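Asks: If you want the building blocks of each chain, they are given just below.
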Amino acid sequence: MKLVENFELGLDAPICLTWELTYACNLECAHCLSSSGRRDPRELSTEQCEAVIDELQRMQVFYVNIGGGEPTVRPDFWHLVEYAVAHDVGVKFSTNGVRLTPERARWLAGSDYVDVQISLDGATAEVNDRVRGTGSYDTAITALRNLHDAGFRDAKLSVVCTRENIGQLDDFKAIADRFGATLRLTRLRPSGRGADVWDELHPLPEQQRELYEWLLAHGDGVLTGDSFFHLAAFGPEDGSGALPGLNLCGAGRVVCLIDPIGDVYACPFAIHDQFLAGNLLADGGFDRVWKTSALFQELREPQTGGACSGCAHYDSCRGGCMAAKFFTGLPLDGPDPECVQGYGESALAGERTIPAVGQDHSRSAPSRNAPVLLTLSRRRPDSDLAPPVSACAESPLAGFAPN
Amino acid sequence: MAAVSLDSAWTLSPSVALRPEPFGALAYHFGNRKLTFLKRPELVAVVRALGSHPDVRGALVASGVPEGQHAAYVAALSGLARTDMIRPAE
Numbered sequence: 012m013k014l015v016e017n018f019e020l021g022l023d024a025p026i027c028l029t030w031e032l033t034y035a036c037n038l039e040c041a042h043c044l045s046s047s048g049r050r051d052p053r054e055l056s057t058e059q060c061e062a063v064i065d066e067l068q069r070m071q072v073f074y075v076n077i078g079g080g081e082p083t084v085r086p087d088f089w090h091l092v093e094y095a096v097a098h099d100v101g102v103k104f105s106t107n108g109v110r111l112t113p114e115r116a117r118w119l120a121g122s123d124y125v126d127v128q129i130s131l132d133g134a135t136a137e138v139n140d141r142v143r144g145t146g147s148y149d150t151a152i153t154a155l156r157n158l159h160d161a162g163f164r165d166a167k168l169s170v171v172c173t174r175e176n177i178g179q180l181d182d183f184k185a186i187a188d189r190f191g192a193t194l195r196l197t198r199l200r201p202s203g204r205g206a207d208v209w210d211e212l213h214p215l216p217e218q219q220r221e222l223y224e225w226l227l228a229h230g231d232g233v234l235t236g237d238s239f240f241h242l243a244a245f246g247p248e249d250g251s252g253a254l255p256g257l258n259l260c261g262a263g264r265v266v267c268l269i270d271p272i273g274d275v276y277a278c279p280f281a282i283h284d285q286f287l288a289g290n291l292l293a294d295g296g297f298d299r300v301w302k303t304s305a306l307f308q309e310l311r312e313p314q315t316g317g318a319c320s321g322c323a324h325y326d327s328c329r330g331g332c333m334a335a336k337f338f339t340g341l342p343l344d345g346p347d348p349e350c351v352q353g354y355g356e357s358a359l360a361g362e363r364t365i366p367a368v369g370q371d372h373s374r375s376a377p378s379r380n381a382p383v384l385l386t387l388s389r390r391r392p393d394s395d396l397a398p399p400v401s402a403c404a405e406s407p408l409a410g411f412a413p414n
Numbered sequence: 132m133a134a135v136s137l138d139s140a141w142t143l144s145p146s147v148a149l150r151p152e153p154f155g156a157l158a159y160h161f162g163n164r165k166l167t168f169l170k171r172p173e174l175v176a177v178v179r180a181l182g183s184h185p186d187v188r189g190a191l192v193a194s195g196v197p198e199g200q201h202a203a204y205v206a207a208l209s210g211l212a213r214t215d216m217i218r219p220a221e
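Quick mapping for you: the protein sequence lines, in order, are chains A and B.
In terms of our numbering, the first sequence opens at residue 12 and continues consecutively.
In terms of our numbering, the second sequence opens at residue 132 and continues consecutively.
None of these hints come from the bench; they were simulated from the model.
Bear in mind that the values here come from a model prediction, so they are computed numbers and not experimental data.
Think of the CB as a built atom: it goes at the ideal place given N, C-alpha and C, for glycine as much as any other residue.
Hints are not guaranteed to be accurate.
Residues from chain B that keep clear of chain A, each with C-beta distances beyond 10 Å, as calculated [unchecked claim]:
#: 1; residue: S136
#: 2; residue: P172
#: 3; residue: A180
#: 4; residue: P185
Coverage of chain A stretches by chain B, computed from C-beta distances (three or more under 8 Å per stretch; other residues unrestricted) [as the list claims (entries may be wrong)]:
#: 5; segment: 19-29
#: 6; segment: 71-83
#: 7; segment: 123-136
All chains should be built: construct the whole structure from the sequences, respecting the hints.
Replies: Next comes the structure, spelled out in structure tokens:
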């Protein structure tokens, strides 16, 4: 059996486990895939988190990707990192950089098993802060500089690729190089608040091609978290155009997510009841949820290509990303909304229902630094259309525009 | 770097942990964070046996690998040596 077929059947423990420690966040990114902002009162306590780490050690989950929210705002965050490393669970954590002071950077530089990933979604403050909020560019760059100055080697610079930053790929690479970091590019998902801005921000078809060519040219030197396997269909039908990586949807098979309250989801981009496998407090621990949940059993069954099975590229792209389909209201056994063969666009143009929002921890009132993705449109000067008629315009001639 | 040969002594790196899986095992290096898939149970047995034999040949024989496949296993072990999954025994 080929290795990839083993992965499709699921492993005894995940390879890529994301653990979001809190829904609290100092930022309010427009595309936050976990709709973070406010802490959930049910979030796991320090002792409960330690018990999760003990279990991961028993399962030989060698490392976790810790995220949030902003994980470093948890008062016990650094303790949990130390606890994990001391229990043979390596840590990579994602942060916007808010707590990475020079002192903390020195502490991190002295640890062998901790990896740091700084999020930045624009190579300039203008592009970044529009989606991540005022001041977030400076915070991220300061964090990268602190790590570099402290001698921390090979931090990761993590970028979500959008319509507004695809043209900056070389600039992102230059920033990563400047700070001795490795660039990591991932895909914009219509998950969480991302659903609100996906139409406006997801890369255009010609940008997908640009991204694919750029990734091919940079090969192993740039990480992608296996984000872009849907782009493999740009290559020949024999699949030889695949990018480095597993090139399959690992949800529930080799990938999963533990959220701040201990809910286990099939993947970090699928925080929704439909992909909820169980809760590690209520259902007898993580190992049990991973091995016995009905949802995960189903995801490990052989999948059919559905509407895609007749497509010559199906073996390359495997139908793309489950979460991207689900949150854009497309059937899970059809094309990805960003299918590079063009089937996504026609599917999006058809009838579909966007699923209702699942959990939402967004702040009830945005802060003054919150991003506002509002495009102000003006009436074209040559337009002869009158402004919209309001409900209280009682003139019998309201809305009448004589030529 | 030392080359893997039938007559040299090797052992699993102290930073590496093996996790059994249906296809063989996952090998994870806590130092360089490399994850490697050992795609055959026989290879896992050989890797585990390295440390308790004076040379690679001894580990291969003890794991029941036929002589005709020894060269292929040396090649596979060389790949593991390149990422410090196994290192020369003292």
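Asks: All hints are to be evaluated individually against the structure, with a verdict given for each.
Replies: Hints versus structure:
no.: 1; hint: S136; in the structure: 27 Å, holds
no.: 2; hint: P172; in the structure: 12 Å, holds
no.: 3; hint: A180; in the structure: 20 Å, holds
no.: 4; hint: P185; in the structure: 29 Å, holds
no.: 5; hint: 19-29; in the structure: holds (count 5)
no.: 6; hint: 71-83; in the structure: holds (count 3)
no.: 7; hint: 123-136; in the structure: holds (count 3)
Checked against the numbered hints listed earlier, the structure breaks none of them; every hint is satisfied.
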